[in-house]
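To convert a position in the sequence shown, counted from 1, into my numbering, add 72.
Misleading hints may appear alongside valid ones.
[Stated by the list, open to error] Heads up, simulated DSS-like pairs for lysine-lysine below, C-alpha to C-alpha not over 30 Å straight-line:
no., residue 1, residue 2
1, K135, K89
2, K135, K103
3, K103, K89
Hints in this document: simulated from the structure, not taken from any laboratory. Being a predicted model, the structure only gives us computed values, none of them experimental.
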Amino acid sequence: MSKPIAQSAPHSWPVAKWPAYIWPGDPVRGKRFCRTYVDELVAAGALVRMGRDLVVMGGPFTKYMLQQRDAVKDFEVPANRPKHAAKRGGRG
73 MSKPIAQSAP
83 HSWPVAKWPA
93 YIWPGDPVRG
103 KRFCRTYVDE
113 LVAAGALVRM
123 GRDLVVMGGP
133 FTKYMLQQRD
143 AVKDFEVPAN
153 RPKHAAKRGG
163 RG
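Produce the complete structure using the sequences and hints provided.
Put into structure tokens, the structure is as follows:
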């Protein structure tokens, strides 16, 4: 069986609708993760409030996860991490 390929992380997503292909993989575990690490995620710019919704920002979340990747089993860096996204946008 081949290893699954990492999909690109979206620019942002609501915590209540956490994508299945982004760790931790479902809205319930995503809410628990955000509740546990709210201070660190807010300080990193990865968690913001938009109206009544908590929203995860993809770029800062990826950067935060890269800093924490030793604690996350089987973490794969998405193709659109900030280093590569800047090249596609003509800024790198």
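Status of each hint after checking the structure:
{"no.": "1", "hint": "K135 to K89", "result": "holds (21 Å)"}
{"no.": "2", "hint": "K135 to K103", "result": "holds (19 Å)"}
{"no.": "3", "hint": "K103 to K89", "result": "holds (10 Å)"}
Hint violations for this structure: none, all hints satisfied.
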